[in-house]
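All chains, please: the whole structure from these sequences, using the hints.
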Amino acid sequence: MKFELVIDSGCGIAETPIWDDRSQTLLWNDLFTGDVYEYDPATTEQKMWKTNALIGSCIPCEDPNKIFVMIETGAYLLDKTTGELEFLVDPENGNDLNRYNDTRIDAKGRIFTSSVAKTYGTDAYTPDQLGAFYMIDTDHKTVKLVKDGINQYNCIVWNKDNTKMFVVDTYNETLLAWNYDLETGPVGEPEIVINFKDAQGMPDGVSIDEEDNLYVCHWSQQISVWNKNFELVKTIEFPVPQIACGGFGGADMKDFYVATAAYCYTEEDKKNNPGAGGTWVAKNDIKGRMDYFFK
1 MKFELVIDSG
11 CGIAETPIWD
21 DRSQTLLWND
31 LFTGDVYEYD
41 PATTEQKMWK
51 TNALIGSCIP
61 CEDPNKIFVM
71 IETGAYLLDK
81 TTGELEFLVD
91 PENGNDLNRY
101 NDTRIDAKGR
111 IFTSSVAKTY
121 GTDAYTPDQL
131 GAFYMIDTDH
141 KTVKLVKDGI
151 NQYNCIVWNK
161 DNTKMFVVDT
171 YNETLLAWNY
181 DLETGPVGEP
191 EIVINFKDAQ
201 GMPDGVSIDE
211 EDNLYVCHWS
221 QQISVWNKNF
231 ELVKTIEFPV
241 PQIACGGFGG
251 ADMKDFYVAT
261 AAYCYTEEDK
271 KNNPGAGGTW
281 VAKNDIKGRM
291 DYFFK
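Per my numbering, residue 1 is the first one in the sequence shown, and the count goes up by one each step.
Because the hints were derived from the structure by calculation, they are not lab data. One thing to keep in mind: the hints can contain errors.
Straight-line distance between alpha carbons at most 25 angstroms, and here's what the computed DSS-like set of lysine-lysine pairs gives [to be verified]:
{"no.": "1", "residue 1": "164", "residue 2": "254"}
{"no.": "2", "residue 1": "228", "residue 2": "283"}
{"no.": "3", "residue 1": "164", "residue 2": "234"}
{"no.": "4", "residue 1": "228", "residue 2": "197"}
{"no.": "5", "residue 1": "108", "residue 2": "66"}
{"no.": "6", "residue 1": "234", "residue 2": "283"}
{"no.": "7", "residue 1": "295", "residue 2": "50"}
{"no.": "8", "residue 1": "108", "residue 2": "228"}
{"no.": "9", "residue 1": "118", "residue 2": "141"}
{"no.": "10", "residue 1": "197", "residue 2": "234"}
{"no.": "11", "residue 1": "254", "residue 2": "283"}
{"no.": "12", "residue 1": "141", "residue 2": "50"}
{"no.": "13", "residue 1": "295", "residue 2": "108"}
{"no.": "14", "residue 1": "47", "residue 2": "283"}
{"no.": "15", "residue 1": "80", "residue 2": "50"}
{"no.": "16", "residue 1": "254", "residue 2": "287"}
{"no.": "17", "residue 1": "295", "residue 2": "160"}
Shown next as structure tokens:
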């Protein structure tokens with residue numbers, strides 16, 4: 001893959017690049033500023049909405065005038081016309097020590113999200129500052145605890161037949177897999193299917209293609225690609241070090257968009273890593289899978 005910089009937004013941590021096939025646009029967000037972006041690659045037009053909060057994810061809705069956002073105080077719907085936020089639910093009921101991180105939606109419309117200490121990634125963080133992994137049912141109110149006592153989870157994807165759910169355990173540098181029942185959700189405890197320690201480096205986001213290959217972004221200037229048997233297929237070198245999350249898009253779903261970070265960068269770091277914190281794209285040889293929309 002040959003990556004090109006498409007949006008030089010300079011985000012502290014850009015997250016959740018998700019394609020909307022109806023408008024042929026890309027959504028993503030800046031974790032620290034709380035800004036949500038929409039980019040049209042055909043016209044290069046860019047729109048932005050403010051949430052004024054730490055934001056983990058933004059996801060297209062079946063209602064094209066709304067964007068689902070998971071911010072530090074819970075789940076909301078963002079009105080694209082007015083910019084107003086409609087509250088849905090807060091799984092942790094006002095716990096101001098944590099924020100919500102990566103969030104995704106399954107084929108039935110259930111919302112999966114995880115919480116993480118606001119100190120994570122700083123000198124103030126200690127491993128006993130814990131978050132949890134939640135499932136929010138299709139009524140957008142009923143919350144089920146999937147797993148507690150976690151440090152940081154990132155991204156959630158499902159295989160093609162919805163029998164497996166994959167989550168990156170960033171703190172422990174592993175990829176977890178749950179058995180999955182589409183009618184009821186995750187089954188039992190997760191299994192470690194990939195251990196990244198002493199190899200690719202700290203994992204962040206994961207994406208999946210039509211052949212169930214997994215694309216894992218690492219904060220070590222590389223993307224690792226694994227087949228459905230969890231065998232390493234290839235490692236892709238990337239132009240900037242901190243690679244947060246990828247997502248497939250484009251008319252043929254072969255454009256692989258990657259959101260990056262410039263976390264704790266000095267001016268010298270930014271000068272030495274042009275495009276850090278921006279969103280990049282490369283053409284893949286296999287079609288990617290669409291993320292599910294909020295219903």
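(message) Are any of the numbered hints broken by this structure? If so, which, sorted upward?
(response) Violated: none.
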